[in-house]
Each structure stands twice: as C-alpha cells, then as structure tokens.
Amino acid sequence: MQKINEAKLAKRKKQNQFIAFWIFRLLSYSIIAVLFIILSFIIIKGISAVNWDFISKMPEDGMTKGGILPAIIGTLCLVAGSIIFAFPVGVLAAIYMNEYMKDSIIKKLIKQMTDNLAGIPSIVFGLFGMALFVNKLGIGDSILAGSLTLGLLVLPIVIRTTEESLKAVDTTFRHASLGLGASKWQTTRRVVLPIAFPNIITGLILSIGRVSGETAPILFTVAAYFLPKLPTSIFDQTMALPYHLYVVSTSGTNIEESRPIAYGTALVLILLVLIANLLANGLRKYFGKKVKMN
Amino acid sequence: MITSLTVVLIVFFLFKEGIGVFNKKPIEDGYVVTINKNNPVKNISSESIKDIYDQKITYWNQLGGTPDSIILFRLEDISNYYTDEQIGENFEGLANCINRLVDSLPNIIAFFPEKYLAPDFNGHNLNISKITLSEFLIGKEWFPTAQPVAQLGVMPLILGTLWVSLGAILIALPLGLAAAIFMSEIAKDKVRNIMKPLIELLAGIPSVVYGFFGLVVIVPLIQKTFDLPVGETGLAGSIILAIMALPTIITISEDAMRNTPRAVKEASLALGASKWQTIYKVVIPYSVSGISAGAILGIGRAIGETMAVLMVTGNAAVIPHTILAPVRTIPATIAAELGEAPNGGLHYKALFALGCILFIITLFINLTVGFISNKKKHNNH
Amino acid sequence: MYKIESKNVDFFYGTFRALKNINIAIKANTVTALIGPSGCGKSTYLRLFNRMNDLIDETRITGNIFIDGKDIYAKGVNIDSLRKNVGMVFQKPNPFPKTIFENVAYGLRVNGVTDKKIIQERVETSIKLVALWDEVKDKLKKSAFELSGGQQQRLCIARALAIQPSVILMDEPTSALDPISTAKIEELIYELKTQYTIVIVTHNMQQAGRVSDTTAFFYMGELIEHDKTKIIFTNPKHERTQNYITGRFG
Chain U
1 MQKINEAKLA
11 KRKKQNQFIA
21 FWIFRLLSYS
31 IIAVLFIILS
41 FIIIKGISAV
51 NWDFISKMPE
61 DGMTKGGILP
71 AIIGTLCLVA
81 GSIIFAFPVG
91 VLAAIYMNEY
101 MKDSIIKKLI
111 KQMTDNLAGI
121 PSIVFGLFGM
131 ALFVNKLGIG
141 DSILAGSLTL
151 GLLVLPIVIR
161 TTEESLKAVD
171 TTFRHASLGL
181 GASKWQTTRR
191 VVLPIAFPNI
201 ITGLILSIGR
211 VSGETAPILF
221 TVAAYFLPKL
231 PTSIFDQTMA
241 LPYHLYVVST
251 SGTNIEESRP
261 IAYGTALVLI
271 LLVLIANLLA
281 NGLRKYFGKK
291 VKMN
Chain B
1001 MITSLTVVLI
1011 VFFLFKEGIG
1021 VFNKKPIEDG
1031 YVVTINKNNP
1041 VKNISSESIK
1051 DIYDQKITYW
1061 NQLGGTPDSI
1071 ILFRLEDISN
1081 YYTDEQIGEN
1091 FEGLANCINR
1101 LVDSLPNIIA
1111 FFPEKYLAPD
1121 FNGHNLNISK
1131 ITLSEFLIGK
1141 EWFPTAQPVA
1151 QLGVMPLILG
1161 TLWVSLGAIL
1171 IALPLGLAAA
1181 IFMSEIAKDK
1191 VRNIMKPLIE
1201 LLAGIPSVVY
1211 GFFGLVVIVP
1221 LIQKTFDLPV
1231 GETGLAGSII
1241 LAIMALPTII
1251 TISEDAMRNT
1261 PRAVKEASLA
1271 LGASKWQTIY
1281 KVVIPYSVSG
1291 ISAGAILGIG
1301 RAIGETMAVL
1311 MVTGNAAVIP
1321 HTILAPVRTI
1331 PATIAAELGE
1341 APNGGLHYKA
1351 LFALGCILFI
1361 ITLFINLTVG
1371 FISNKKKHNN
1381 H
Chain P
2001 MYKIESKNVD
2011 FFYGTFRALK
2021 NINIAIKANT
2031 VTALIGPSGC
2041 GKSTYLRLFN
2051 RMNDLIDETR
2061 ITGNIFIDGK
2071 DIYAKGVNID
2081 SLRKNVGMVF
2091 QKPNPFPKTI
2101 FENVAYGLRV
2111 NGVTDKKIIQ
2121 ERVETSIKLV
2131 ALWDEVKDKL
2141 KKSAFELSGG
2151 QQQRLCIARA
2161 LAIQPSVILM
2171 DEPTSALDPI
2181 STAKIEELIY
2191 ELKTQYTIVI
2201 VTHNMQQAGR
2211 VSDTTAFFYM
2221 GELIEHDKTK
2231 IIFTNPKHER
2241 TQNYITGRFG
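Protein chains in written order, with the numbering used here: chain U, 1 to 294; chain B, 1001 to 1381; chain P, 2001 to 2250.
For the record, the hints were derived by calculation from the structure and aren't laboratory data.
It is possible that part of the hints are untrue.
[Claimed, not checked] Only part of the chain B face toward chain U is listed, based on derived beta-carbon distances under 7 Å:
(1) 1004
(2) 1007
(3) 1017
(4) 1202
(5) 1204
(6) 1208
(7) 1212
(8) 1274
(9) 1276
(10) 1355
(11) 1370
A virtual CB, placed ideally from N, CA and C, is assigned to each residue, including glycine.
Construct the entire structure; sequences and hints are all you get.
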C-alpha cells in the first residue's frame, strides 16, 4: 500500500487551489481592467473635444475642425429606420413562432435559420444590402437601403429576445385566459404580451445599441465620406458616427490634425452604446424585481 | 419564415454575383493580349502574363519558346514606334499600326483595347481562360487591379483570416476560460453580479471603436516593443479580436459550467477532492461541449469581424509568415476594395465570391455549434 | 464506544433553525435509517457527517459531532481526510463524465494515490463488492453514462467504497431506481454493513424496515425518537412516529 501523508497532501491540495484560484481571479480582473482602460482612454481623450459646438456643427476644413452633427443625425435616422422595420417584423415573427407554431421539423429549421442569420458576418450583410437594395431594387445609396440592411442584421436579435420573453411567461397565465373563453389572439394580446413587454423592450434597446455601432453594413449602402448637410429624405445618403470614426481615424485629409475629432466621435458613439446598455440592464432589473414582488 | 427567407435571399444574391467571377475573363473588359503569329508559344496562363508584365519573366524560353527576350507592348508605347501622323489625329491609323508592329516583331507581346484590333489582324490573339474555382481558391496572389490580367488568388486572404483568428483564439481562450471558471465556480454572487454586465458591455462596444483603440494604442505599442517599421500587424489584429471574442467565450462557457449538476460536484467533494480538483476533473469535462461551442463561436466572431481588423492589420495581401507582419483578411478586403470596384465588374464579382467564402465558413461554424449542442442535449437524456 | 455521536446539534440556515438539539449515537457496523416527512431535516442532518453543508453559504452548526471519538467540527480538522473516511451516495446516480474505471479511481487519484497497481486492484475490488464486475469488466474504458440507472448507482457506491471509508452516508439512494435495481442495492447494503457503518435517509418505510438496524424519526427539525427498527415499526413510544409509520403503510 502506498503511504500517503495526509496532512502533507491536504496542504499541497490547498496550495494548488490557492494558486489556481488567484490566477483565475487575476485573469478575470484583467479582462475587466481592459474594459476600463478602453473606456477611460476614450472618455479622457474625448472629453476635451466634445462640447456643444462639436455636436451641433457641420464638419469643416477636411474634417479637421468643426462638429459631427450630420453623423449624429445620420446614425439616429439609421437607428430609427432599422428599428421601424425590424421591431414589428421581429416581434410578430416571434409571436407566431412561439404562440402559434407547433413543434415540428419546420420550426426547428426556422430556428436554425435564425441562428444562422445571427451568425452571418456584418460585412456579408453589407454585400447583400448593396446587391439587393442598392443595385437590384435601384434604391441607391440611401438611408432606406442602409436601414433595411441594418434591420435585417438585428432581426435575429429582436426575434430571439422576444421569443425568450414570451417563453418566460408562465403557461398557467395562458391556460387561465383560454379557460375563461378568450381566443388565442386575445390571450396573446391581453395577457402574454403585457407580461412579456418589459423584456421585449430590453431586447429593443439592445438592438438600438447594436445598430448604432455597426459600420460594415452601411459602408456600401448609405454612408457618405463627407457630406456636410443634413439628410432631407430617406433616399439621401448620410454620414454616420461609426463610419465617420473610421474615416477620420484612417483616411482623412490630415490624420494627425483630426485626431481630436476622432476621439470625440468615439466618445459620442460609446456613450450612445453605454446608455443603451445601462438602460436595458436597469429595465431588466427594475421589471425583474416588480414581477417577483407580485 | 422571414429569417429563412432572408438567408435564402442572401445566399441567392451573394452566390449569383459571386459565381459571376468564373464567367468572366480576368482581363479588363474590351482588351486583348496578342503575340506574333510565328511565336511557338500559343497559350500563356494569366499568371504568366502578369509575370511578363511585371518583368519576372523576360525570355520566351521560360515559357517554352525561343531563347529571345520578350518585348513588352502597352498602348502608350506606340509613340516609340510610329509617328503621330501614322497613328492619325483620331487614332484612325492605330489599328493598322499595331497590326504591322505585332507582325514585324516576333518577340512582342501586346496589350491593347479590342477596338484597335485590325480586321485583318496578322498576329495571334491569346485566349485568356476564365478563372477556375481551384485557381481562385489556391491562387497565391490577390491583385484584382493588376494590368493586363487581374490576379484573383484568395489563398493569402484565407490564410490571413485564419492566421489572425487563430492568434485571437489562442489569446482569448485561456483568458475567457479563466473568467468563466472564476465567475461560475469561484466568485461570490456579488462579484459575479457586477462582472456579468461588464462583460456584456465589452460585447456592446462597436467594432470600429475597438479598431480605433487598436490603432491609437496597440499598434504604436507593438511597433515600439518589437521595433518594427509599422505596428499594423497580424498580432495587433489578434489582440483586438481576442478582446472582442472574449464575451462570447465567457458567456457560453460560463453557462455550460453552471449547468453542471450540483450533485456531481458534491460527489467529487464528498470523495475528498478539493474545490480546484473538482473544477478541473469534473466541471470542465462536464461542460466541455459548451466550452467548445463557445470557442468555435468566438472563432466565428473573429473570422467575420471587419472594421477592427481593417484598421489595425495593415492589409497586405501576402501569405503571412510571422505574426509581426501586416496581413489582410477576407472581410477587410471586401470592406476596403468594394468601394473602388466598378459595379458588376470582375473585381466586384470577385469580392462577392469572397463574401460567399466567408458565408460558407460562418455557416459551417454555426452548424457545428448547433450539432454540438444537440448532441449535448441528447447525452443528458 | 460509538462510531458516530451527535451531541446537542443545532443547525441554522441564516436565522432559520433547521435542526434542533439532535442527540444520536450510532454503533459501528450497523445500518441506521433516518426517516420523516419532506423538509424534516433528515437530509440536512446526514450531510453534517461529512461536512457537506459547509458548501452552503450562511449556514452554522452548534453542538458536536464525533466520529471515532474525534470532533469533526473542531478547528484544524482536515476536511479532505474526513470526507475520505465518510463516503456518500446521492439521490440520483451521478457518475462523472469519465470512463467506468476512472469513475471508481477518481477518489484515489484526488487523494494522491499514484501507484497504478494499487488503483487497478482497488477499482476491481470495489466494483466486485457492489456486484457489478461481471456486468462491466469488458467495458471499463467505456463512458459511465452507458450504464443503466441501477448500474450507475452501484457504480457510485463502488466509487465511494474505493477510498476505503469506514462510514457510508446514503441520501435516498434508490429513489430514482426501479424495484429490481432497488432490491439489488438493498441487498448490497445488507452485505456492506459487515465492514462499514451505514446511515441512510429514505422515504420508503418498507426499505427502512428491511435494511436498517436502528431507525431515527425526524419531524420539523427535531429528533422524535431513535430506537431499534423493530421497536420503531411495531411499538413506537411517540404517537407522531406511530401516525407517520401507519400513515405511510396504510
């Protein structure tokens, strides 16, 4: 029989565990540190560039001076456009899939397709948007084409979050309503949707965050390199924050001089995403508590 | 339904445009390449034509012909041979001049617009073959704007993409696993509740911001550290992609680890195993399919990422040999070149073909992950 | 000298007092059944013997538990060694995602045994002890998930036996099994008691009657009575015990 010194063994096990856990702890904290480095870097460098003029004026002097108003407006237009398209379509699709469809191979296939769509790289969406909306349908580079492309990109997110929030609604609610003689649609509209609503909105806000930061899909469908005027119709081209950041930091007329503009743009962009994320998280917590209290 | 329709539409348009690349000759529309009719060389591959014009091939015998040096002719060279009068004010004599020139110089190779091809042309009009799928896939040179013949080999781009993504995953996987283990098994609930939204935030930062951060912080850092002429390298791309792939890896692996049944963990502890032994001997094997799904999705995210990579990798379309050299990935190529590629042209179609490759890779990754998680469900029942 | 002694044990989840002043003494090489309605604290009590409740945050124990005369909650006690000495079998079969062989070898490996011959020998002995050897000897390299539920549970018992404990805790070990597998496990318990001291939690009165020497009846965190199984089942001192047992039988 192998002789084992139990006290020694226990000590060794403890030591190994101590070392391993500290390594994991440090690595985890270093990831969080990276996040804070990125955020604080952009905030510190960007804060001096951002002022009222910066967000309310047109770019000037080959984008080395002036503001980023058209990019902000452009991004807001794209967010609005894509959400107007993707939100109703996505929510309806999710309701149909979750409330009306029976489990079958077709449903599974559709689910797989939704997953696949979510996995397609955004640049491929850009290619597709260019081929279909810009060229085939002849819409041209425009807010409409860009919004549709971005809408398709976030569609799987809307569908998935809506589906999850519908699934989280306890079946007993449905049975209770159906038991009272309500029709399926009445049940869905009056019982299921109101309960699922907060989570659906959370999904919506997350999609807004995603849309406002996407660059690749708008490269060839809407984004203008330099267009110091505000869009007047959905068939106009427009500047957009993420694309503007890309342009200013890599291919502007004078990269060194336009660095402050780049930092400022990055800050505005990150604030937009940050607010969307915080809002979504806050909502989730707020409603999560409210539901539990009942 | 709508998603399936979208996928089908994407496939349709992508492949319709992408396959077009194989129906076009890799020579500029309306141009021809001709040689003297007595030249024993009758067929020249498009790669060789490019090498000739790059003066890498300078003697005909390198192509199996006579041991004479090759005379290059481009349209602008015409004034070396003929006077303006001979050519004519509106180039009406040009076709004739070229005809005579090609006929008189046995070692010439001439590249000019087809409209100046005389009806009684005496030379041999080279047949430029359409690009084949295998040439496209294993070609070692990507130079779609090369004259006279575009080079459309995607191998350097595919390798560049894999190279950068592989580097990213090598950095991200250990970090991500460590964080997933920490969050699911070690950290107190309080710490976990703070970390989780922060990791989500990391996923929410737009890729162009990562690219910008990489450009102004990581690229100069790499340049200084390794004393390089440029800091835009595969390594910079890998680092940025690693940060971007982390949330995917962490979230999915953590989920998998938390799904390890409590009873199994307790069984291990009840046998006298320490918490750490339980983690690496039981929890990790139990969640290995979830962990691999996370890793694969992380790779998928890295492969498809465009803007960040475009901004920090330097975009040199050469087969990478070291992580400290510039590389170019498929998505970055599409983003960088589509704006300049004429609509419907060969270059345009080639970029769509790249999109097809990217689509197939990511589809394959998604199906693999679906397969893994299905298998997992099956095992648990 | 008793194998296990519990003196004035109170146990708290936060402020909730889950166990109230439990005093039990258990002799070596006996089977003790812990019975009682759901939530009465019997499982919680069982998990005190190998300090499994330590894993749950905000729990507290007062009083003492002695195994072989040593207070297992005293300062400086080596929990790993305690758990090596006090094996545990759980409600549902819970094999590790490893081969059949590695499942049984696990306890040896984590406790520092590296000698291959010893591991081989101990795995074989343990699997033979639970009468599983003939069924698995040709597929030791196969995943433990390929076994049936009853086989898996016997494998889990073998896994506990491999590190040669002297006490075995069983938390409703047959609740997830069919009658035939249950009968096999009960038979096994009967055989094992010649070498081990066994404490078993069960919901199944007949099972308690069949396998145990003494039975302890828990109700609302209190030990109502602990006596020879025969007495508990035929002539309990307390009315509650009587009601519970007859209620279950009827």
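(message) Going through the numbered hints above, which ones does this structure break? Give me the numbers in ascending order.
(response) none
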